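Participant: Chains as they are written, first to last, in the UniProt record's numbering: chain A, 1 to 352; chain W, 1 to 269.
No wet-lab data here; the hints were simulated from the structure.
Nothing here was measured: the structure is a model prediction, and the numbers come from that model.
Where is the CB? At the ideal position from N, CA and C, for every residue including glycine.
Just to be clear, a hint being listed does not mean it is correct.
As the list claims (entries may be wrong) - These stretches of chain A come out as covered by chain W in the derived footprint (C-beta under 8 Å, 3 or more residues):
(1) 15 to 27
(2) 227 to 236
(3) 246 to 253
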Amino acid sequence: MTAGTVFVKPSSTLDLVVRGRAQRASRRRLVMGILAASIVVVFAVSLMVGQTLYSPADVMGVLLGRDVSGATFTIGRLRLPRAVLAVVAGLSFGLAGVTFQTMLRNALASPDIIGISAGASAAASFAIVTLSLSGAAVSIFAIVAGLGVALAIYALSYKGGAAGTRLILVGIGIAAMLESVTNYILSRAGQWELQEALRWLTGSLNGTTWPQVLTALIALVVFGPMLLSRAGLLGAMQLGDDTAGALGVRVERTRIIVIFSAVGLIAFATAAAGPIAFVAFLSGPIASRLIGPNGSVLLPASLVGALLVLVADFCGQYAFGTRFPVGVVTGVLGAPYLIYLIVRTNRAGGSL
Amino acid sequence: MTSSHTLVAQALTLGYGDSTVINGLDLIVPGGQITAIVGPNACGKSTLLRSMSRLLAPRDGRVLLDGKSVHKIPARELARTLGLLPQSPIAPDGITVTDLVGRGRQPHQGLFSRWTREDEQAVADALDATDTASLADRSVDELSGGQRQRVWIAMALAQHTDLLLLDEPTTFLDVSHQIEVLDLLTDLNRSRGTTIVMVLHDLNLAARYADHLIALADGRVHAAGAPADVLTEECVRHVFGIESKVILDPTSDKPLMLPIGRHHMNVTV
Ligand SMILES: Nc1ncnc2c1ncn2[C@@H]1O[C@H](COP(=O)(O)OP(=O)(O)OP(=O)(O)O)[C@@H](O)[C@H]1O
Ligand SMILES: [Mg+2]
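Here chain A stands alone, though its shape is the one from the complex (with noise of 0.2 Å):
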């Protein structure tokens, strides 16, 4: 740093950094490229894969929209809007999830774990078992449950624009809370089984229709870009409020824009397939073990999220001797995890 080397410009940093960056990208597209291949390959087994086996060429026909005998309704009907359910409901999540994590800067801090999955879960219950509505207006409910949830946390939990533990601590109280008052709509229904109300506590992709994947999809073309192209400036708000107006960020109106799009994917999402548990609260903290320091975890985790979403389904289908629900799998997955953070923040704050 001696006077004089300022704007000298050895091209060795530059290149240096031209390189580094360029490693960083190839790292990244290799791990995104994976993951998005095995999401494919288990989509494509979870076609294939059931009470009866079909060939790829069954698979493939049916996707084109040729008659199989048997398979056209096995698939088409059953397991296809199933599996792209899986998809648009793991992108979803494993995207919103993240979002929150990254701008809470806190692992801790995913909708599933503050309470606003289950803010949308029982808008949801309610819409459907106690007012029997379907369809946009079940999604309505929830979005403006998650949203009331996501507002009532952080009026709960302001001070002075810092949402540390306290957010945390209130977003799991009312988390409970919420999670007894779908319990309640559900037992007092009292004629539903076992199964929807599963749906409805920790989430499940059973006789999934393709209304209900089409209403998640939009939401996810809808708000996916939202989030998606607001990356960097996201990257900006990890380095705190000032230092990201500084660098000419407008944060109040950045942050509302991107909790209302991810509280609108993790709503549409709910909605379709219930709180399935723990998955946005998972898929960040593994895609940026996978991804590492190589630039932003956004897409990384909502493709982690679609993997585990696709695997635990057809897992909680085939692996056991009953069928479980996708929820209960990634409950399993989610719930030793989230004692290591607990136990991890009680010690130091962490992040991702």
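Dock chain W with the ligands against the given chain A, drawing on the hints supplied.
Facilitator: Structure of chain W with the ligands alone, referenced to chain A:
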């Protein structure tokens, strides 16, 4: 490259909630020069810098950049002209030095942050200027306080602004690194004409490195001008409430302040 920018505060009143921190302050930052702001803890130095970089809306009065209220300039546009390194920025867990420095390019990039050669060059220059190129791939968590501080300054440099406000850029630094940072800022000022405004706690370094010294007290500017005119025994008494002896620095023609504690009153300097 032009640093004919003028940054002016007029009758500025700032505060949080019910409390007023800055009260009717007037201030001029001379373009193309190094300005140091000094004042006791909690007198509102950081608050002032935040408002000058549009992060805090004034209760009253205004901050003008080239005659235009900074609060009316779009955030992104302002961030290409005026940069701020806050007093305590946050480094996300596990972020690498290059990545952190690269975030200084934010105001120059669009949505989806596409990287250009110019961005890479700016990052490389900033790493070189702060002598942090050798740390490029290290994680910021594992750096020493001084190294980390230089990385933050590199981030601010990568932003490529004509005006740079720095809130205590020399905290955490040992004396040699303090001097290095101040020399670096001076280089930046000389070679690129960058207008520098920095909050410093070391009055002697402030007097040594600044062309223009501003002493804050009671939410106003107590004195402003050439260091020799500002750093006086009267000023130190008024602003910091301590007795001192101000002599001429033998290594420069700047004033040098020697504080006198209660226990050393009788020692003649
Ligand atoms: N976000 C905030 N909310 C409420 N009060 C604040 C906030 N930030 C600062 N203050 C108060 O404003 C006053 C001035 O604070 P400021 O940070 O500007 O002081 P400073 O001169 O930078 O002090 P230091 O030398 O310790 O950095 C202090 O009394 C502080 O408590
Ligand atoms: Mg301060």
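Participant: Could you run down the list of hints and mark each one as holding or not?
Facilitator: Do the hints match the structure? See the list:
1. Coverage of the segment 15 to 27 of chain A by chain W holds in this model, with 5 residues showing a Cβ closer than 8 Å to a Cβ of that chain against a need of three.
2. Counting residues of the segment 227 to 236 of chain A whose beta carbon lies closer than 8 Å to any beta carbon of chain W gives 8, which meets the minimum of three for the stated coverage.
3. With 5 residues bearing a CB less than 8 Å from a CB of chain W, the segment 246 to 253 of chain A meets the requirement of three and the coverage assertion stands.
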